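Starting from the given sequences, assemble the full structure and let the hints guide the process.
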Amino acid sequence: MSAPTTSVPASPRVGLFVTCLVDLMRPTVGFAAIKLLEEAGCTVEVARAQTCCGQPAWNSGDSANAGKVARGLIAAFEPFDYVVAPSGSCAGMIRAHYPELFAGDAQWEPRARALAAKTHELISFLADVRGVTRVAARLKASVTYHDSCSGLRELGVKRQPRALLATVAGLELREGPEAETCCGFGGLFCVKYPDVSAAITDVKTDDIVATGANFVLAGDMGCLMNIAGRLKRRGSKVAVRHVAEVLAGMTDAPPIAGD
Amino acid sequence: MESTSGRFENNARAALSDPTLQTALAKLADGFPARRLEAAGRMPEFEALRDAATEIKEHVLDHLDVYLETFERQVVANGGEIHWCRDAEEARQAILEICRAAGARTVTKSKTMIGEEIAINEHLERHGIRPVETDLGEYIIQLRREPPSHLIAPAIHLSLAQVAETFRASHKELPRERALNEPDALLAEARAKLRPDFLAADVGITGANMLIAETGGNVLVTNEGNADLTHTLPRVHIVIASIEKIVPTLEDASVIVRVLARSATGQDVTVYTSFCSGPRRPGDLDGPDEYHVILLDNGRAKLLGGEFRDMLRCIRCGACLNHCPVYRAVGGHAYGWVYSGPMGAVLMPALIGMHEARHLPNASTLCGRCESVCPMRIPLPRMLRAWRERLHRAGRGSLFARLGLSAWASVASRPGLYHAIMAPLIRALGNLAGPGRRFRRLPFLGAWTSARDFPAPEGETFMSLWAEAERKRKPYADLRARSARP
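In order, the protein sequence lines correspond to chains A and B. Using this note's numbering, you'd call the opening residue of the first sequence number 1 and step up by one each time. Using this note's numbering, you'd call the opening residue of the second sequence number 1 and step up by one each time.
Note that these hints are calculated values from the structure, not bench results. Bear in mind the structure is a predicted one, so any value in this text is a computation, not a measurement. No false leads were mixed into what you were given.
Straight-line distance between alpha carbons at most 30 Å, and here's what the computed DSSO-like set of lysine-lysine pairs gives: (1) A/LYS68 - A/LYS192; (2) B/LYS193 - B/LYS27; (3) A/LYS237 - B/LYS27; (4) B/LYS193 - B/LYS172; (5) A/LYS158 - A/LYS192; (6) A/LYS192 - A/LYS237; (7) A/LYS192 - B/LYS27; (8) B/LYS27 - A/LYS158; (9) A/LYS158 - A/LYS237.
Below, the structure written as C-alpha cells:
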C-alpha cells in the first residue's frame, strides 16, 4: 500500500497517534516523535479524542469491543493527511487489521480502509514517506536493536531504523542473532501465560546481553516494557529506550525501568 | 490418544522445568531455522516456488471432489482399493479388517501423522496385531509409549542418553557392555532390531506426503529409507492419508517436494523420495500384492468452506514449529495431543474440540514468524485469532478478563472520561515508584511481576502535558523536561 504522496502538500498535516502505552508510560516518546516529524517538514497535530487502537480486544477475539474503540479512533484521525504512531504494533493494527475488523460494514469498512491507507509507523514514515536519510542526534554508546514483530512482519520495518541509527554520531550498532525473534510480550499473552512468556523473553534478553551493547532500542513500548522489566529483574545494566528518543536526541530522561 | 490440551498451562510449566527437554529445544531452534535459511538462499526462485505450491493446493481445494474421484478411479484402475472414512473409528476399523483379511500378525509402519491422529497402533495391539514403527524417531517413542513431539522429528525431545536407556530397557538381549553413546551405535542397534520385522511383516502401513490424482499413487519422503522397506516388502500396503493430501499431477507433486524439505530440514531434497504406483504389476521386480488407500476426512471437509480452509494447504513440514517461540519454550508434548506448534494450535480445536484445545490458540504471541516461513503461506496468526473470536463468542475464557475488556472498552471509547481517569492514576503510580523507576511487585499485576519488574510511568500522561502546552501556548519541550523525572 503506498501513501498518496503526490496529492499531499509539502508540509503535510500529520495526526500523531500517541498510542496508549506512550501516552501513559512514556510521554517522552511522543515528544520525540513530534520533534522528528517536524524536522521532516510535517505539521503535527494531536487529536484529543484518541485513546487506544483496540488491539487488546481484537487479539482477545472480542471484535465488538475492538470495534467500539476503533470507531472513535477512525473518526478522530479522518481530517489528517497522514496518521503516524511510534509503534509498529498499533500502526499494524490500523493498517492490517482495521479493514478486517470492519469487513462487510457498509459504513465503516470504507472509512477503516481510508485510515489504513494513510497510517504509518513513525520510523518507516520518516524514511520511506518523507525520505529522511539522516538525523542530527548524537549518542556515544553501543546499541542493539529489537525488531518488534508487528513492525517487522506486518509493516516491513527493518532497515529504516538501522539506516537512521547509522547517522547518529558516536553510535555503534551491534546486531544480535535473535533480533527478529519475538520478545514474549504478545499483549495479554504475557499475563495469561506468564511462565511461557518469561521463557521466551529470556531468549531475547540473553541475546541482548550477549551483544555487550549499552542500550537496547526498539520501536514498540510493549516490547520495551517487557524487555526492560526482565532485564532489570535479572540485574542487567543494559538501558532500554524507544528508538525515537535516540533519533530525536532526547535521551536526557531516565531509560525505561531506570538504569 | 487422549488429549491433555486442556491442561496446557501445567504441561507447559512441566516442560519449562525439564532441563533435558530445554537443551533439546535449544538445539532444534539453533539448527532447523538456520538450515532453512541457507537452503532458501541457495535457490533464487524459492519465494516463487512457495507461491506456486500455494496455488496448486488452492486449486485442489477449489476442486477437491473432482480430484478425489479422479484419484479413486486411478487407484482402482491400477488394481488398488479406496476406503473412504469419515472419522478415526471408521479408519481404524477399515485398517483392522484389511490386516485381518491378510492374516497379519506383524505390521511395519513408516511415519504417519494420520496414524497418530487415529491412534492406529493401540487399536491394532488391542486386536492382537503387533505394529512396529520403522522410522527411528517413531520407533523410539513407540518403545516409550509417547506421542511424537514434532511433525518431522518425533523424538526431538529426547537426549541420546534417554534413547540409550530406552533401548536397554526394551531390548532384553542387548549386552550390557555394548556402548550406546554415539548416534551411529543407536542407529545400528535399531536397524539390527528392525530387520527381522521388515522381513516378517504381513502388512506395511505408510502415510502419504501427497496423493497424486492422475496416477492414483502416492509420494513418500524420508531420510531413512524405512518407508521403502515398509511398502515394498510386505504383501499388503496400506496408505493412510487425509483427503487434503491430494495434488493433480506428478509435476505438481514435484513443486511441493521442492519446498517441503527446504522448509522442513533445510535439505534441498530428502534422502529418499518414493513414488508408489499401486500393487505390483506383471513384470515389476517388487511391490505389494494389495494396495489400499484409507482416505480420512475426520473433520476436514467441514473446514473447507470456512475461515480455516487455508489450513488444508498444510504439508506438515514443521517449519512453523521450528520458528515458533512458544514451541521452542515448551516443546510439542505440552500441546497435549498429536499436533503441536502453530499448525497444531489451529488444527487441534477443529479435531478434538474447541473447548478441549482452548488454550492453544491463546498461547501465542501472534508474532507472525510462522506465517513468514510457511511454504504454503498459511495465515496462521489470522486463524489463531479466528479461534479466539469463536472462543470469545462461545463465552469461554475467564469472566474477569471478559468483564475487564468490556469495562476497558467503554472507557477507552470515551476519550474525555478516559483521560480524566488515566491522568491522576498514572501520576499517582509515577509518584509511588522510587528512584529506581520500577516496581518489583504490584497488586493486580502479579502475573507480570512474577518474572519481570514493572517499569514506572514517567508521571504525567502525554495527553495532559499536551493539553497544558496548548493551554499555555508553551513550547512542548519545557513540558517534556518536566515529565522526565530524574
